[in-house]
Structure formats: C-alpha cells, structure tokens
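Student: Kindly generate the complete structure, drawing on both the sequences and the hints.
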Amino acid sequence: MTLLTIEDLHAGYGPSDVLHGLSMTVEAGEVVVVLGANGAGKTTTMRAIAGLIGRRGTIELDGVPLGRRPEQVVGSGISLVPQGRGTLGQLSVLDNLLVGAALRTDKDGVQADIDRWCEVFPVLGRRQGQLAGSLSGGEQQMLAVARALMSRPRLLLCDEPSLGLAPIVVQELFATLSEINKTDGTALMIVEQNAELAMDLASRVYLLDVGTIAATGTPADFRADDAVRAAYLGY
Amino acid sequence: MELFLERLISGLTNGSIYALLALALVVVFRGTGTLNFAQGELALFTTFVAWWLTTQSIPVWIAIVAALVLGFVMGALIERTLIRPVQRRNDMAVLIVALGLFTGLNSLAGLLWGSETKIMPSPFPNGLDDYVSIGGARLYFDALGVWGALIVLMFLMTLLFKKTKIGLHMRAVADNPESATLAGVRTSRVLAIGWGLSGAIGALAGVLVTPLAPQQLGLTTMFSIFIAASAAALFGGLDSLVGAIVGGLVIGVLEAMLTGYISIIGGSLQQTSALIIIVAILFVRPNGLFGTQKLVRV
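Chains as they are written, first to last, in the working numbering: chain A, 1 to 235; chain B, 236 to 533.
Heads up, none of these hints are tricks.
Derived pair list, reagent style DSSO-like, types lysine-lysine, alpha-carbon separation capped at 27 Å:
(1) A:K107 to A:K182
(2) A:K107 to B:K398
(3) B:K397 to A:K107
(4) B:K400 to A:K107
Computed, partial: chain A to chain B, Cβ under 7 Å:
(5) V74
(6) G86
(7) L88
(8) V99
Rather than coming from a laboratory, the hints here were simulated on the basis of the structure.
Cβ coordinates follow ideal geometry from the N, Cα and C atoms, glycine included.
Tutor: Shown next, in the form of structure tokens:
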C-alpha cells in the first residue's frame with residue numbers, strides 16, 4: 001500500500017525553484033534511499049515535505065493531501081531528522097525528547113516511549129539530565145532520531161544521518177534504524193552520501209538530478225548499472 | 236548605619252523594579268532575539284490605564300489585574316501584527332518597529348491622558364507610619380510589597396519554564412526554532428505568548444513603581460527605569476532569567492550607593508551609574524555575567 005505519494009513537486013528558496021516537478025512514492029513500511037549530487041534537491045525535497053518551505057504540487061499521505069504547516073505534517077505522522085541534527089543544545093536530553101512529543105497528550109504513552117528510546121539508545125538513558133549540546137556528534141544524531149520518533153511517525157525522513165560520524169557509529173545507527181523499521185513498520189526515507197551503507201537497508205532507490213527523479217530501481221539495479229555506480233557509488 | 240540601610244532598602248526596591256522589567260526584556264529576547272525598546276512605554280501605557288480605572292472608582296487591585304491582562308493582550312497583538320511580518324524580512328526592522336512603538340505608545344498616552352503627572356495609588360498600605368524599623372532604618376510596606384511581587388513572579392516563572400509544556404516549548408523555540416517547529420511546536424503561538432507574558436510583566440513593573448515616592452506617573456517616568464532595566468538585562472547576558480534578576484538588584488543597589496555616597500554623581504548624574512555598569516560588564520564579559528556561551532561540540 002502506498003503511504004506517501006509526491007506528484008509534480010516544485011519547491012525552492014526565494015524566486016528560484018530547486019525542485020522541478022519531482023514525483024516519487026514511498027510504500028508503507030518501506031525503506032527508500034534518495035541519492036544525488038550536491039545541489040540535486042535532496043534536502044529541499046525533505047524540507048518541502050516537512051512544511052519548512054513553501055511548495056507547489058501534490059503530496060498525499062494515505063491518499064489524503066498532506067498539510068502544509070510543519071505541525072500538521074508531524075501530526076499526520078511524518079517526522080524529519082534534519083541535517084546537522086537540530087539539537088536543542090541548552091535543553092537537557094530528556095527535555096529534547098519531551099519536545100519531540102510536543103503534539104501528544106498521552107502522558108503515560110510519552111513516558112513509555114522515553115523509556116523505550118533510552119533503552120534502544122542507552123547513552124541517552126545515561127545522560128537524560130545532561131545538556132544535549134554537550135553530547136558527542138554520534139550521540140546527538142541518536143538523540144535527533146529519538147526526538148523525531150517521539151511523535152510516533154509512520155514515515156521517518158532522515159537527512160544525511162551519517163554526516164560527520166565515525167564509520168562504526170554510522171553502522172550502529174543504520175542497524176538501529178533498520179531494527180525500528182522492522183519492529184514498528186516505520187517507513188524510512190533516507191538521504192545519504194554514504195550510499196553503499198544506506199542501500200543495504202533500502203528496498204528502492206531514487207536518483208535525483210537537478211530537481212527531478214533521474215532514475216529509480218532496486219539497489220541491485222543500481223549496483224548493476226555501471227554509469228550510475230561510477231557517478232554515485234564511487235567504485 | 237541607618238543611612239546605609241535605608242539606601243540598601245531603596246536600592247533593593249528600585250532594583251526589584253529593574254529586575255521585573257529586565258525579565259520582560261529577557262523573555263522577548265529569548266524568543267525573538269531582539270531588545271524590545273517599547274517595553275518601558277508598553278508598561279507606561281498599561282499603568283496609565285490602571286490609573287484611569289482607579290479614577291473611575293475601581294479598586295486598585297482590580298485595576299492592576301486589568302493592566303496585566305491588557306499588557307498580555309497588547310504584547311501578543313504587537314507580536315502578531317507588527318513584529319512577525321517585519322521579522323521575516325529583516326531582524327533590524329524589528330528594532331525599528333520597536334522604536335516606533337516606543338514613541339507611538341508614549342504619544343498615545345499623552346494624547347489620551349495629558350502630560351501632567353498623575354498619582355497612581357499603591358496596592359499596599361503606604362501611609363507615613365506603614366513601616367517596620369530595621370536597625371533604625373525604615374522599611375515601608377510598599378517596598379516590601381515590591382520585593383514580594385518579584386519573589387512571587389520568580390517562583391511562577393520557574394514553575395512555568397521548568398514544569399509546564401508551554402514553558403518547555405518556549406525554551407525549545409528560544410534554543411532552536413527550526414527544531415522546535417519540526418517537532419510540531421507551534422512556534423508562532425509560542426512567540427505571541429512570550430510577548431504577551433513580557434507585556435504583563437512590564438505592566439506589573441509599571442503599576443508597582445509609579446506609586447513609590449518620589450515616583451509619579453508621567454510621560455517620562457519609564458525612561459530612566461527602562462535604561463536601568465536594559466542594563467540589568469545586559470548584565471545578566473540578555474538571555475538569562477536569573478541574570479536579569481541579579482542584574483536588576485545589583486544595579487538598583489549600586490545606583491543607590493553611588494548617588495548616595497559620591498556627591499558629584501548625586502541626583503543629576505544618576506543615569507550614568509547604569510551606563511558605567513553596562514560598559515564595565517561588556518568590557519569584561521561580552522556575554523554578560525550569566526549569558527550562555529553557546530555549547531558547541533562537533
């Protein structure tokens with residue numbers, strides 16, 4: 001079943017568009033990886049979905065038009081882990097997680113989720129009272145993922161989650177994301193420079209070029225295509 | 236010794252008022268990132284309304300509550316209608332709008348109520364005999380009332396920021412607006428509430444300070460108080476609530492001591508003590524004494 005449908009999406013900053021009629025879909029519970037060169041529009045796509053920037057074109061969630069305001073997007077079940085982690089540095093780790101539950105009113109459920117993510121990411125549990133800005137890059141990335149998951153999304157958008165992290169931390173993070181995808185059925189859309197690793201999780205890959213989808217297929221298709229492999233996978 | 240105690244008491248009382256107005260400035264600064272130059276005049280305007288209500292034989296306590304509510308509504312409305320539209324374009328424009336409001340609100344008060352000074356009744360007993368004696372110095376009840384108001388407000392603000400959801404959201408928006416937005420926090424509502432809150436706190440400062448001798452309610456009443464309050468807010472680093480309170484009290488006491496003991500400063504150079512303090516603080520610590528130095532790890 002199709003969870004997210006994007007058709008003919010135009011978006012950008014100021015007068016010039018970055019996205020020129022982009023169309024793509026995400027199935028329920030699926031992992032989609034978006035590849036593309038710098039400036040292709042990967043981050044713009046995610047920001048347009050999240051409602052951070054204006055857009056034209058259709059975005060539907062479960063066949064229903066998606067709201068244009070960020071809180072509507074979060075409320076309907078899409079959460080974005082922004083590039084650069086978006087840590088609330090002067091707030092404690094616990095407060096960061098509580099902010100992630102901004103739209104929820106079920107106190108017990110929120111507490112249960114905090115306990116859960118502190119178990120999944122033990123470092124967050126140990127540092128609940130510490131200022132989030134004092135965490136390491138990897139820890140902040142885990143906090144960003146946990147904060148986004150606090151809204152119980154059905155689709156989690158991850159923008160360059162591996163940026164600036166040590167390879168071992170990246171592997172751990174991807175393993176956890178994959179685990180969450182399997183146990184909760186949370187669909188993932190991952191924008192990644194670290195294409196190889198992301199493609200291990202993916203069921204489908206989209207290749208973005210100058211604001212439109214240039215190619216789509218399974219990871220196997222992409223690995224088999226010499227031109228794509230040379231340009232985007234680097235081997 | 237008596238004289239010293241009396242100066243200390245008067246310094247702490249003025250300082251409490253500076254602290255209140257500085258708190259209002261800090262609440263706005265944390266949300267919007269600019270100094271609200273109109274904060275003092277907003278307080279003045281709401282105080283004029285409270286005074287006017289008392290002339291309509293409305294009890295002073297009710298008039299004060301009305302002024303606080305009006306302060307909240309005006310603050311929130313100003314954010315919605317004037318600040319937000321210009322902030323999208325340019326941060327500097329917010330300062331200009333605030334300066335415009337400063338003169339606008341002052342003129343509006345002048346237009347409505349004239350330029351002669353008014354006597355704002357005190358909500359506390361303030362007869363000549365309403366004092367307790369401490370080491371020979373007189374501590375009047377209305378001064379005590381101002382201290383009490385500051386303490387109660389501190390308590391309420393701590394509760395708001397540490398224990399409530401809206402307080403958490405206000406801290407989140409102040410820290411990282413985009414992240415707060417992505418989590419579903421209604422940033423615009425939070426900002427309007429912040430401005431409203433600071434409008435109400437400013438109104439409280441206004442209705443408390445004007446009944447104090449030798450203050451009176453006139454069009455220039457808030458100028459010097461606003462300058463001292465901005466110094467207090469700067470002292471604390473502009474984003475620290477504790478800093479604003481400590482800053483207000485320190486500036487109030489220093490001002491009372493400097494003008495009391497150094498005859499050349501006396502009455503006419505009173506404002507300079509605030510200036511000296513601002514310059515000295517910024518020279519030693521550009522982030523103020525309590526300002527957050529951004530904690531960054533990469």
